[in-house]
Amino acid sequence: MPNIKSAKKRLRQSLIRRARNRSVKATLKSHVKKVRAEIAAGNIDEANAAFKTLQVKLDRAAAKNVIHANAAGRVKSRLSAAIVAAKKAKS
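Going by our numbering, the residue at position 67 of the sequence shown is 63; the numbering climbs one at a time, nothing skipped.
One or more hints might be untrue.
[Claimed, not checked] List of simulated lysine-lysine pairs, DSS-like, C-alpha gap at most 27 angstroms:
1. K72 to K60
2. K25 to K48
3. K53 to K29
4. K72 to K84
5. K25 to K5
6. K5 to K86
7. K4 to K21
8. K4 to K25
9. K53 to K72
10. K83 to K30
11. K48 to K83
12. K1 to K53
13. K60 to K48
14. K21 to K60
15. K48 to K21
16. K21 to K86
17. K86 to K4
18. K53 to K4
19. K84 to K21
20. K30 to K60
21. K72 to K86
22. K30 to K53
23. K72 to K4
24. K72 to K30
25. K29 to K72
26. K5 to K48
27. K21 to K53
Hints were generated in silico from the structure; no laboratory data involved.
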């Protein structure tokens, strides 16, 4: 445990930030699962709608350094490719 006043404050801040970051990451994982489930079910329109909301959340998380910007781009790229592949397979 920290003894210095500034170190105590840093500990409080880091705990709050950690909780916030964990919440954001959990939300992102839930949205990714939702998009993947819609793709697997063959609901391309619903997958597109869920993907659009996921894109905004990924960009916001990357802007706030919750996740790395390249990680956000990688997730978006793979999911959009999966949607396109599902669309081609359906038609």
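Now for the hints, and whether the structure bears them out:
For the given pair, K72 sits about 17 angstroms from K60 by alpha-carbon distance, which is consistent with the 27 angstroms threshold. Restraint check for K25 and K48: satisfied, since their Cα atoms lie roughly 15 angstroms apart, inside the 27 angstroms limit. Pair hint K53 plus K29 holds up; C-alpha atoms about 14 angstroms apart against a cutoff of 27 angstroms. Distance restraint check for K72 and K84: the Cα-Cα separation of roughly 18 angstroms lies within the 27 angstroms cut-off, and the hinted pair is therefore satisfied.
Between the alpha carbons of K25 and K5 the distance comes to roughly 30 angstroms, so the proposed pair goes past 27 angstroms and is violated. Taking the CA atoms of K5 and K86, the gap is near 55 angstroms; set against the 27 angstroms cutoff, the hint is violated. In summary, the hint linking K4 to K21 is supported, as the alpha carbons are separated by about 26 angstroms, within the 27 angstroms threshold. Between K4 and K25, the direct Cα distance comes to roughly 32 angstroms. Violation of the 27 angstroms bound is thereby established for this hinted pair.
Between K53 and K72 the alpha-carbon distance is near 11 angstroms, which keeps this suggested pair within the 27 angstroms criterion. Straight-line distance between C-alpha atoms of K83 and K30 comes to about 17 angstroms, which keeps the hinted pair within the 27 angstroms bound. As the CA atoms of K48 and K83 are separated by approximately 16 angstroms, the hinted pair is consistent with the 27 angstroms bound. A threshold of 27 angstroms between alpha carbons decides the hint, and for K1 with K53 the separation of about 35 angstroms lies outside it, so the pair is violated.
Annotation: proposed proximity of K60 to K48 holds, straight-line Cα distance about 19 angstroms (limit 27 angstroms). Of the supplied pair hints, the one linking K21 and K60 holds, its CA atoms being roughly 12 angstroms apart against a limit of 27 angstroms. Annotation: proposed proximity of K48 to K21 holds, straight-line Cα distance about 17 angstroms (limit 27 angstroms). About 31 angstroms separates the Cα atoms of K21 and K86, which puts this hinted pair outside 27 angstroms; it is violated.
Distance restraint check for K86 and K4: the Cα-Cα separation of roughly 57 angstroms exceeds the 27 angstroms cut-off, and the hinted pair is therefore not satisfied. Note on K53 and K4: the hinted pairing is violated, with a Cα-Cα distance of about 32 angstroms set against a maximum of 27 angstroms. Taking the CA atoms of K84 and K21, the gap is about 31 angstroms. The hint is violated against a cut of 27 angstroms. With a C-alpha separation of about 23 angstroms, the suggested pair K30 and K60 falls inside the 27 angstroms cut-off, and the hint holds.
A C-alpha spacing of about 21 angstroms is found between K72 and K86, which places the hinted pair at or below 27 angstroms, so the restraint holds. In summary, the hint linking K30 to K53 is supported, as the alpha carbons are separated by about 14 angstroms, within the 27 angstroms threshold. Of the pairs offered as hints, the one joining K72 and K4 is violated, with about 38 angstroms between alpha carbons and a cut-off of 27 angstroms exceeded. Straight-line distance between C-alpha atoms of K72 and K30 comes to about 14 angstroms, which keeps the hinted pair within the 27 angstroms bound.
In summary, the hint linking K29 to K72 is supported, as the alpha carbons are separated by about 13 angstroms, within the 27 angstroms threshold. The straight-line distance between the Cα atoms of K5 and K48 is roughly 38 angstroms, outside the 27 angstroms bound, and the hint therefore fails. Note on K21 and K53: the hinted pairing holds, with a Cα-Cα distance of about 10 angstroms set against a maximum of 27 angstroms.
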